[in-house]
Structure formats: structure tokens, C-alpha cells
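Chemist: Listed below, chain by chain, are the residues.
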Amino acid sequence: MNPLASLPYEWLGVLTLGVLVVNTSLIVFVAWKRRHFLGEVRRRWAKREQATVQHGLGPGGILAQRRISQLGRALTVRGPDRIVFTDASTESECFGGAISRGASGALTLEATRDVELWLAEATPERDHSFDDAWARASTNKGFATLVDIDIEPGTQVWVCHEQGTLCIATFDPLEYCDRMRRVLALFCVGSVLCLVLVTALACSPPVFGPLSTLGAALGVAFFLAIQPLGVAVRDYTLLPPMREVGGTWARPVKAASSAPEHAIF
Amino acid sequence: MARPEETWLLHHRADRRQVGIITLYMGVLAAMYLVPACRNVFCLALACYLSFLNAVVIHNHLHKGIFKYKALNRAFRAVLSFGNLYPASANIPSHNVVHHHFNDDGRPDWADPRFVTGEGVAFRWNLLNLIHFPNVAGPQTFHGVSRWARVTRQRDFRREYIFEQMFAFGLTGLLLVVDFWTALFFILVPQLWGARGILRINLIQHDRCDTRSEWNHSRNFVGAFFNWVMCNNGYHTIHHNRAGLHWSVLAEMHRKECVGRIAPGLDEPSMVKYLLREFVFGFRTFSTAEEPRAERGELAESVDAAE
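Residue numbers (our numbering), protein chains in the order written: chain P, 21 to 285; chain W, 13 to 319.
Calculated from the structure, these hints are not laboratory results. Beta carbons are placed, not taken as given, at the ideal position from N, Cα and C, and that holds for glycine. Treat the hints loosely; a few may be bogus.
Unchecked claim - Just so you have them, the derived chain W footprint on chain P, three or more residues with Cβ under 8 Å:
1) 121–130
2) 230–239
To be verified - Computed, partial: chain P to chain W, Cβ under 7 Å:
3) P23
4) L27
5) L32
6) R93
7) V97
8) G99
9) A108
10) S109
11) H181
Using the sequences and the accompanying hints, generate a full structural model.
Modeler: Next comes the structure, spelled out in C-alpha cells:
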């Protein structure tokens, strides 16, 4: 083939379509693989026991705790003063205690750091002064803080053991896994359908005509959009222990008679 | 008093090569778009290659501006942004801040190889990991850049970022409207080739390296011709350790400071051979372990100190 000969647009069309198909396939495959993984997690939780926390041996009688190290940074965009937090690291601990399984009786849990906690999403409580936090969040180092999410007495939990690791959830883990698997299935099927539609449009006769051009334009948009969508779906379906707590803390609004501090406009 | 390496326009005379690369790249793109005879394999392949070099120039230019005049540097960034269809200023948080510390406020680098090569997520055929990598690293990077843009105290950053986006996407959009198929094949394809290629370089340069190590955090490609074309971007260890060095001295500094200190396996003589060995003919083996457990180790010492 002469490298200086003009390239037929038909060949280039097939090539770019091939790139779109391969790329979409990779993203869909990874999502389907993730769905399969969640199925394995679900099988693990099938042996769970539902119980209520009677008492724990941790501070204040808590059974277990997830401690998250966060870094807060002050927003510098227009609007009220806000600090946005990211999770730097996390660790979990079961302090030991007793859970009640109703008619099956009580069960004692040993203290251990080899624990996986599935905790419902919670808005972290901030026990610092906002002004102090804001001042530190406005520096290069940011505002470092710790957030604790506790499993307290009276909480309904689901418990199982997996290869020596204690797993405790404060919501039904099977329902969670099922829901996330549905999301992944929807994403996979939807992506394939969009790909088929875009391909059909792009290849509709006359090639390079108006409909075909529309298909190609949609194909470009689809190529650019499915990547962040795939990452968003991955993040949405993360196992709860891996999900970021994050959070945004806005300056508390004072009483109506006082003007707000440090408003940025 | 002017330094010997300076010219009247450039901080370093070696940067004439980079200006030449971009001029040639823009010329090839314009030729393919405007001249039907230029829409051939040779020009398209050349454009794709130059697009990757465009991303290399973005990297170098955002470390140290090429020109002595701020307005010229700004204009050059806009042209570079068009060259790869992403705002060049994104390199400031993604590369200069996060990647050079392998750390985003305690979280992994947005383009950490383990996002695609970690157990439970990777393909066994390593080539597929290389192809797939930008699908993950790209969105993560731009999400991180957006978040960084909201908290940065560099007030000019947001304005520059938006300007570069508008220029790059605006000009590309205009070209698509005027002649869609020509712009798709001969503008967009090269643009995205380079943009996704520079993300893949992250995987190539850091996969299976120890980013906590002072010396073994990166892989180097030390071929002479390769580095002449790539403006010495094959010397990655020294670039991480001394980010302020001009690219023209990296080869010499690599020999002086890195050779003998880094693991010998991290000095690859040929990128082509490495790619063939590790990706085309490379297959990963994993244990049957599931995704990593939630716990991510010790609390940051800084938190304890702060509390």
C-alpha cells in the first residue's frame, strides 16, 4: 500500500468504529466482572446472622468503630464559606461485645482489628469550631481531622465470618449487593444498546450522509461520555468499606440579628 | 544578565526543538484538514506521533514555561490544549502536584497503575490493561482537577483552565461543523491518540515500581534516539527527584545521580522491546484474593499531631 495515497473515508470509518467497539467492550467487561465479584460477596453474606447489639466493650459501650482520617480544604469559589473533606485513610476495629439473635440467643463477638464494617452512610459530626477549621483549611496543609462512625447498642446488625475476618453490616448486605448488581447490569446492557444504536446510525445509508453523520457525532459523544460514566458506576458500586465518607461543612448560619462571618462573594 | 542558554524569546535555546515539534504538528493537522492529498497514512501516522509529543511538550511547558513572556506562554498553552483536546493547565494539579508526590491528600495518585492492574480489576492480557487505562485514569484525573480547582488559592488557575477548554473544544467543534468527517478522522483521532497515550505512559513508567522508594519509583527508557525525539522524557526517575531541572540536562543527571542507585531492571534500553515483552506478550497472574479489604493501614501521623 502506498503510504502517500489518500485514505478512503470508508476505511477510516471502520477503523474508528472498531476503536469505539473495542473501548466500549473493555469498559462493559470490567463492569460485568465487577458484577460477578459482587455475586461472590453476596454468596459470602448468605451465611449472615441478623442480630441486635446488646452492648459493646468499646468507648461508650460501642461494639465497633470505623475511624477515618480526613483532610479538609477551604473552597475558594464564590459562595458561602465551605470546607470540603476527602478521606486520607481509614481503619476499623471491633471492640468486642454481645449481640442478641432473638430466639437463637446471644452471641459474643471477640475484639479484633480484622473486621470489615458495612456502615450506613452518615453525615460526620464535626466537633471543632468552624472558624478554627476554616483557618486551617485555608492553608496549604489543610485541616486534618478524624471522624468516627460507631456501631452503638441497640443497632440492628448482620454478622458473618469470612476466612477469619469478622464482617458486620448495619444494613442488609444482600439487598445492597442485589441493588448494586442491578445497577451494573443496567449499565452494561445500556452501554451495549447505545453502542448498537450509534453503530446502526453511523452505518445507515447513504454512508457519510446526514443520518450517518448524526450517528458518528453521537458516537464521539458516547466515546467521551462512557468513560466517566463507567468510573461513576464503579464508584457507586464500591463495597461500603471502600466508599469515601468525604463531606462538605458549611459555615453555620448565625441568628437573624447577626450578619454571617467571612462571606465570600 | 542573560544566561548562555537563553535566547531573546526562550528561557532555554533547546526549547526551539519543542516549538518546532508543535509547529510541525499544527502544520500537519492543517495540511490534512485543508489539502485532500495530505489525507494519507503517512500524514495521519505522523500526526498521531506528533500528538503524543504535543502531550510531552505540555508536560515540559507546565513544569517551566518555554517563553520569556507570560502572554506567549498563555497562548502556547492554548495551542497545546487544542493539540490534545484537553486543557494543558490540568497538568498543574494532576502531574505537578499529585503525581509528583504519588499522593492526593493521602489518597492514591489519580493515575495510579493499580486502578487497572490491581487484583480483581485487571485483565490477564496486559495489553488490554494498557488500552483500558485511560478509560479510568482520564475521568479520575479530570474529577480530581475539578475538585482541586475549587480549593486552589492560585486565583488564575480557574480562568486559565476554562479559557483553554473553550479554545480547544471551541476550535475542534468549529472544525467538526465545517467538515465533520475530515475533522473526525484527521483532527480528532490524532488529538485523542496523544491524550490517551500520555495517560498510558503513566502505566508504562510506574507499573510494578515502588512509589514509596526514593530511587525505584519509576522506570526509565534510556535509548539515545528515543530520548532525542522525546525531549529526554525517558529519564523519569531523575525528573521525579529533581522536577526543576530543564529537560535538556536529564540524560547527564540520570547518569550522574541515578545509575548505580536504582534497580538495574528499571533502566530499559528500548521502549519498543519493553512494550512487546510486558504488554503484547505479557500476561498477569493473580491469586484468588478478592478486592483489597477496606482497611488502609495506619492513621496519618499528621492527624495525630494535629489532634
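Chemist: Now look at each hint and say whether the structure bears it out.
Modeler: Now the hints, each set against the structure:
Counting residues of the segment 121–130 of chain P whose CB lies closer than 8 Å to any CB of chain W gives 0, so the stated coverage by that chain is violated, three being the minimum. Figure legend: the segment 230–239 of chain P, annotated as covered by chain W; annotation consistent (3 residues with Cβ-Cβ distances under 8 Å, at least 3 required). A hinted interface residue such as P23(P) counts as satisfied when its beta carbon comes closer than 7 Å to some beta carbon of chain W; here the least separation is about 4 Å, so the hint holds. For the restraint placing L27(P) at the interface with chain W, the shortest Cβ-Cβ distance is roughly 6 Å, inside the 7 Å limit, so the hint holds.
Annotation: L32(P) was flagged as interfacial toward chain W, and the flag holds, the nearest CB pair being 4 Å apart, inside 7 Å. Given hint, R93(P) at the interface with chain W, holds; its Cβ is 4 Å from that chain's nearest Cβ, closer than 7 Å. Hint status for V97(P): holds, given a least beta-carbon distance of 5 Å to chain W, under 7 Å. Among the interface hints, the one on G99(P) is violated; its C-beta lies about 10 Å from the nearest C-beta in chain W, farther than the 7 Å criterion.
The beta carbon of A108(P) comes within 3 Å of a beta carbon in chain W, closer than 7 Å, and the hint placing it at the interface holds. Nearest Cβ of chain W to the Cβ of S109(P): about 5 Å, under the 7 Å cut. The hint holds. For H181(P), the interface hint is violated, the least distance from its beta-carbon to any beta-carbon of chain W being 14 Å, above 7 Å.
Taken one by one, the earlier hints fail for this structure at numbers 1, 8 and 11, listed in ascending order.
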